[in-house]
Amino acid sequence: MSQWERVQTNAQDRERIWSVPRTFAGDVWFRFRKKPTALAGFLIVVFLLCFAVFGPYLSPYGYSDQSRALANIPPILSVSDAPDGNYLYVTPALKVILIGRDGKLLGQLSKGKDDETLRRIAYTLDAQTEVYLDYSQKPAMILSAEGERTPASKQVWNTTYLLGTDQLGRDILTRLMYGARISLMVAFVAATINMVIGILYGGIAGFVGGRADAVMMRVVDIISTIPLTLYVILIKVTLDNGLLSIIIALSSVYWVDMARVVRGQVLSLKQQEFVLASRAIGSSNRTIMLTHLIPNAMGPILVTVTMLIPSAIFVEAFMSFIGIGIAPPMASLGTMCNDAMEALRSNPYQLFLPALVICLIMFAFNFVGDGLRDALDPKLKK
Amino acid sequence: MSERPLLRVTNLTKHFPVRGGGRRVVHAVDDVTFHIDRGTTFGLVGESGCGKSSCARTIIRIYDPTSGSVELDGQEIAACPARELMPMRRRMQMIFQDPYASLNARMTVRDIIAEPLNAHFAALSRAQADEMIFAMLEKVGLTREHANRYAHEFSGGQRQRVGIARALILRPDLVICDEPISALDVSIQAQIVNMLRDFQQELGLTYLFIAHDLSMVRYVSDHVGVMYLGQLVEMCAADEIYSHPLHPYTQGLLQSIPIPDPRLARLKTASGLEGDLPSPIDPPAGCRFHTRCPYAMAVCALEQPPLCEAAPGHCVACHLHTPRNCDAKSVSIE
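Taken in sequence, the protein lines are chains W and Y. My numbering numbers the first residue of the first sequence as 1 and each following residue consecutively. My numbering numbers the first residue of the second sequence as 383 and each following residue consecutively.
Simulated from the structure, these hints should not be mistaken for lab results. One or more of the hints may lead you astray.
[Claimed, not checked] Result set (SDA-like, lysine to any residue): computed pairs, CA atoms no more than 20 Å apart in a straight line: (1) Lys270/W with Asp480/Y; (2) Lys236/W with Pro666/Y; (3) Lys270/W with Asp446/Y; (4) Lys521/Y with Asp13/W; (5) Lys270/W with Ala464/Y; (6) Lys113/W with Gly147/W; (7) Lys521/Y with Lys138/W; (8) Lys104/W with Ala152/W; (9) Lys138/W with Leu163/W; (10) Lys270/W with Tyr482/Y; (11) Lys270/W with Lys521/Y; (12) Lys521/Y with Ala152/W.
[Said to hold, decoys possible] Chain Y is faced by these chain W residues, among others (derived, beta-carbon under 8 Å): (13) Ile17; (14) Gln137; (15) Gln167; (16) Glu273; (17) Leu276; (18) Ala277; (19) Ser278; (20) Ala280; (21) Gly282; (22) Thr287.
All C-beta atoms in this analysis are idealised placements derived from N, C-alpha and C, irrespective of residue type, glycine included.
Using the sequences and the accompanying hints, generate a full structural model.
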């Protein structure tokens, strides 16, 4: 008997497909999650979305709730011990704030006599006790019971305002949530509008081709030469609504990139045999466009959108920063940065926090776009 | 000619404008005339770039012809406006060359085969359509389990069968096969060709079969037409073209068929075709083949030979074989 035996095959086995059925989207997700940066970017985007959408409901403060007494309090406080066992925090403006042992802000001490010769201020802690703040030397320090300057000995986390307050005593964390909300809203509205206009315009130009295509693409060229800042300023003048004018300006300009991408895709796809087959079948132009051309151009379209989102976010932040965007008291990451500029030296956290969020959003979307581009490229298929 | 032929192509011409070339055009199809009787197969052969595919695509109106006429069962379709073309489209379908490019990768096999049904029978319910699709899948040797798969999961042969199912689901009269087997490997080629033959017998189909190798065309065709630079140069019954090729180009093509036996191959005396295909933008004056023809005469560069009947049922466009009383209009291959 021979060592090898012939395997019996039948017609059914020959025609069978052995691979697991996987849809196109499943295939893309499989490749996307293999890339750590893309996955990290995706998780950050999801986190930021939750932060922006649900955060404000969990926060006890509104974006415009002020408490002037507790303005400019940083997230991490350098404190000295108070006689009653709590902590005292001295602000750069020489106010003394009583901090609980758990880091809660208990309130501002009322100011007593200001001795200008000794350069010390008395603050009333309670009916019996007074504490003295010495400002003869910088930095100002609380005097101990023995009358000695005691430097701030402990660091506690501000548990009342987790990320501190701004110069009007508004909670920065809450304002960041609203700012991220504005940024993401601008991003998604601009992305959606650009996608719709760009796909329609570019799709029609590429599909019709010839002279119509040439005219339509020259219009695109003209639009893309006019600077965006100019649009925003002009629209803002007539509309008097920062958010709306930014969205309108972004939507009226940014679609040109999308239109170019879609047109190029359609031009090359319409020569493919499956589109010719569809013509031979007698399918309508609508069917060819919606079932053949656009789904096959979806890869580059998605990549363009995810690359467009960070630049839209940045434009919004920039416009708000230079003061032609979101109107106060509404928080936007750009206006928060701008507000922080006045007291940058004494309160740098007020600038770093919104800037950090802007970076995080842009990084995340760029990573997602990068990952999508690789995942959607069929040549990299393994 | 007792019966009206199913397809009659008369003086069909298709010129493509050259981008940035002003008035210059690519002579893709030039003055092509032939007809196909119902239930038969007409093979169209020629080198790559000679206009076979353009001819097929012009007949089925993927391209609009520059001039000439195409009659399907007596009805003119070459000049027909796109709107009135729909009932004619149902009667002719096409099978494409590349089974990887001709199926949309974003659609399931069910949706691919359903597209002709959706285009022509809007009233059809999904269940009815499914029934027809499953029946068609079984006919081409696939099962209903394959219906929800995407085209990229199939092998080349399976994909080409999906393409055949898409072409046949409307029960057309005429099927244009644009090199349906040249992208497949040899064992699959036979399978597909046999399947096409079985369908021809079962459904009474008429084929226009385009190929670039003559050996397969001989096997499937009743009549063969040879194209060179957009023109038909020879046309006769399939066996006749192998036994008595008249045009020097046909002879060259036949000589280029590889012989599987090296001892026999060594005996082959004449070489195949030499030189490259001239540009179809400005084709040579006179006979378009004279630049590569081993028998070229002075007249060949000056005068274009008409397609004439040199022997009964055998038409050729060559000065070597033009009979005195040639009348180009009475071309017939019966």
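Given Ala277/W as an interface hint, is the shortest Cβ-Cβ distance to chain Y below 8 Å? holds, 5 Å
Hint check: 8 Å Cβ-Cβ cutoff, Gly282/W to chain Y: It holds, given that the least Cβ distance between Gly282/W and chain Y is near 4 Å, below 8 Å.
Hint validation: Leu276/W versus chain Y, beta carbon distance must be below 8 Å. Holds or violated? holds, 5 Å
Straight-line alpha-carbon gap Lys270/W to Asp480/Y, limit 20 Å: Holds, at roughly 15 Å.
Do the alpha carbons of Lys270/W and Ala464/Y lie within 20 Å of each other, as the hint requires? holds, 18 Å
Hinted pair, alpha-carbon criterion (20 Å max): Lys104/W, Ala152/W. Please report holds or violated. Holds, because 17 Å separates the two Cα atoms, which is no more than 20 Å.
For the hint on Gln167/W, does the least C-beta distance to chain Y fall short of 8 Å? violated, 54 Å
Is the hinted pair Lys236/W and Pro666/Y satisfied, with a Cα-Cα distance of at most 20 Å? Not satisfied, since the Cα-Cα distance of roughly 66 Å exceeds 20 Å.
Given the hint that Lys270/W pairs with Lys521/Y, test it: the Cα-Cα distance must not exceed 20 Å. violated, 30 Å
So if I understand the rule, the pair passes when the alpha-carbon distance is 20 Å or less; does Lys521/Y with Asp13/W pass? holds, 17 Å
Going straight from one Cα to the other, do Lys270/W and Tyr482/Y come out at no more than 20 Å? holds, 15 Å
Chain Y contact restraint on Glu273/W - CB to CB distance below 8 Å: Holds. Min distance 4 Å.
Hints 2, 7, 9, 11, 12, 14, 15, counting from the list given before, are not met by this structure.
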